[in-house]
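**Student:** Below, each chain spelled out in residue letters.
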Amino acid sequence: MTGVFRCGLMSSGVTLSLNELRALLRKAFEGIYGHDHDWNALTDLVLWLEFHDLDGLKIFFDAEPGLPCDIPNLSEGDNGDILIDGKGGSFLQFNVTSCDLLVSKAKTAGQAVLHVNNTKHVQVITASVARCASSGLAAAAWWPSEENSAYIAFQEAGARAPNLFRVSLPAGFENYEGVTIIAAPSIKDIQTRYQDWFQFQKSGQTPSNEIEERYQQHLDHGFAMSVDDYKRLCHYADRVLVEATEQSRRGAGE
Amino acid sequence: MSAFASHSLKCRPVDTVMDLNRLGTLYPYPLSFMRCLVRQIMGGDWNITRRKFELDANGFGEAVYEVDTGAGGYNFVVFSHYLDPDSRSDRVIAEAWDMTATLCAGELTQERLQSLRDNVPLQEAGRVDSDCIVLTRANKSARNFSYVVECLSRGEQPDLDVIAKVGYIFRTTAVYGSGKFGMADWEKVCWRYPDLASPFMAEMLVCFLIRQFSLELTDWVAVQKGGDKAVPLSEDIKRYVGIGNATGLGMAPYLITHPRLISNWIHIRETALRRVLKKEMTPALFYEFLATAQKAVQHLSEIDTDNEDQNTLNATARNQMSSLISWADATQPENWQTILEYVAETCAFETQELVNSILLEVFREDIYDLQSELGTKEVYHLIPEMTLSELKALIETHYDWALAEDYSGKSCLDTFWYRSEEKQEPRLGRRSQEPGSEKEMLLGMGYAAKCCYDLISKDNDRRSVAEFVFDHPKCRYIIRRMQTMAQSQCGEIRANLLDADVLPIQLLRCKLSFFGVGKFDPRSKLWVRNTMFQGAPLTTDIGAPFKDDWCFPVRPDV
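Each protein sequence line maps, in turn, to chains A and B.
The opening position of the first sequence corresponds to residue 1 in the working numbering, with each subsequent residue numbered one higher.
The opening position of the second sequence corresponds to residue 1 in the working numbering, with each subsequent residue numbered one higher.
The shape of chain A in the complex, shown without the other chains (with noise of 0.2 Å):
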């Protein structure tokens, strides 16, 4: 390493403040992708999808080889759904663009719906619910998990954090695929639209308190990382640095 985030207390693991960790990532993004990238709504998705316990880091570990990959392919289906092709690369990646277009056709049409295909880590659209609640649309989504179960996340226009459930599937749905994401004026109007999906026998869920209590004691004590990541974080992250040389000294006053 030849940045900065080498420090004592490293021989079982490093507990960085919030604030560190998100800098730390935003630098990892912006050695990735370059400056001008949003590299902090990616360091938010992260981060989100971190402290919700849907492994934001993992995930972001798993696609940095592959980052940054093509622009995946956008058309719209007959019925007017928006319709992404990830080309196997990482939902991380276009997570946040694909929100954009969902976000800015239900605020336009009143309902809009996503479905992404050919992509990795599909979890991530989880933030996206939690985004469109944000931005005053309720919205629900839907992935498969293995052995004929899936995940769904919902949350109400305005609600603190998203319900998480696993359900299985039953015959008929053993071939879905991709990601499904419907924004909408309310939970009842995707409900209405999609009542399979909330019908479907619950295995699990996360209740939203117990994540914002996750979040408040990592702000309270920090958050613990293994060395590794850490080091792993740190190497991305010291791609930003520019070699110093004399030259480069007299750039900072001397």
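Do not take every clue at face value.
Stated by the list, open to error - Among the chain B residues that face chain A by a calculated CB cut under 8 Å, a handful are: (1) D185; (2) E187; (3) K188; (4) C190; (5) G248; (6) M251; (7) P384; (8) E385; (9) Y418; (10) S432; (11) G436; (12) E440; (13) A448; (14) E467; (15) K474; (16) L526.
No lab work stands behind these hints: they were computed from the structure.
Bear in mind the structure is a predicted one, so any value in this text is a computation, not a measurement.
Glycine included, each C-beta is placed from N, C-alpha and C at the ideal position.
Using the hints provided, position chain B relative to the given structure of chain A.
**Tutor:** Just chain B, lined up with the frame of chain A:
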């Protein structure tokens, strides 16, 4: 008419107040953070008590000050070290200092103190716990410390001419907060320590406490050296001693990366000014204005820097202020607006802003309530449903200054800002001469706005912003920033920070004025020495009557 436009009718136009050439001449005013802190210390239930002072004869060791705000308790833990004079450096890349310290909440157990002892002196290379709020270090002024100790140890007070030349005994070289090195996040400070939840309140408190420690350390070492002959520094001179500060490029990006906050600070200042201008000009207030102006002239005449440009600026402001005082005395203007019109016609930016600060001093009690509005939530939402034609119109209205700039000249984009591998220190490079521009920081907002506008202009007007950013994700940040700042009161700082002739020192001075810093002593166009808390009360003054009139500090009569 937008809220922004209606506000601009009442305040000075935004192209006036957000011009960096003007922002780089701002003076502190009663809502500057240092002033807010001192009012809080002097006006509330605060107590600052020295709990530990275990120093050797040379002043090396540990000290702890307990700060009781009435709502919470904090410890300021100081480590005073021997420092080889050859290692003394103001630069962020320094690795040793005369003193290091932290401000922390929570109990100070022996185990925790040992952990702080192990880490605080390491500064950026150490880790502290999440109840620490600020981490800092300071160096002695080589000129003043030895001289003052020598005088006091002989039983004499130091010559004020020598003190006035520098104005401080210790100089901070970094004050870290907001969660760095494991410390409490700003969000946690707001949640757990609301008495420190104003912008930079904890950082200002730490500087105030370093000043206190520097004064007590000086007395201590003088006694160790002179024994019974030694005398303490007189209280009047102590109040005249501030805490020095060296600020470099590290502070500059903050102003660009926190545009909503900066816009808000400037809007509050303009709101205060607008409020003041409506006030009646009574004979008593007119006299107070003249007296404060006279004090400002004296203050300027006592500043002695090695920087010729700054000396010229100070001399000009001093002369123009003197002319203003004579004119006002002779013409007896009927209202404050007349004075500002005279100043706008006859004086430089520096003098104009000085007069604004003086007016705000005269009416300080009428603007204190605005202090609670200095903070703001920095959220920058994209409006994805906006059409490109609407976005184009927005840019043409609120970023006209960026579109008007000519970026085609050879030198217009020659500067790039980057982080060095040496402690991530922000530095400036010449694009045409130095490597590293591919890693530049995004600080040229005007140019980014122009590039984005050009791209939008080639697209279909009826497309939405969402469709555009899906194809051009690199434009997403600048678009949501422009959409957000268009709704703010003052918008962006108006300057091309990529120009070869950019003056980063203007950014530094702008921010430092909001801190309350005075006596600017530029060492180059990239960093500045200055003085904080000069003229402010001491901890021994807590509980005594307080008038909040320590602006424009001048030499005491001793």
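**Student:** Can you give the numbers of the hints that this structure goes against, from lowest to highest?
**Tutor:** Violated hints: 4, 6 and 10; rest satisfied.
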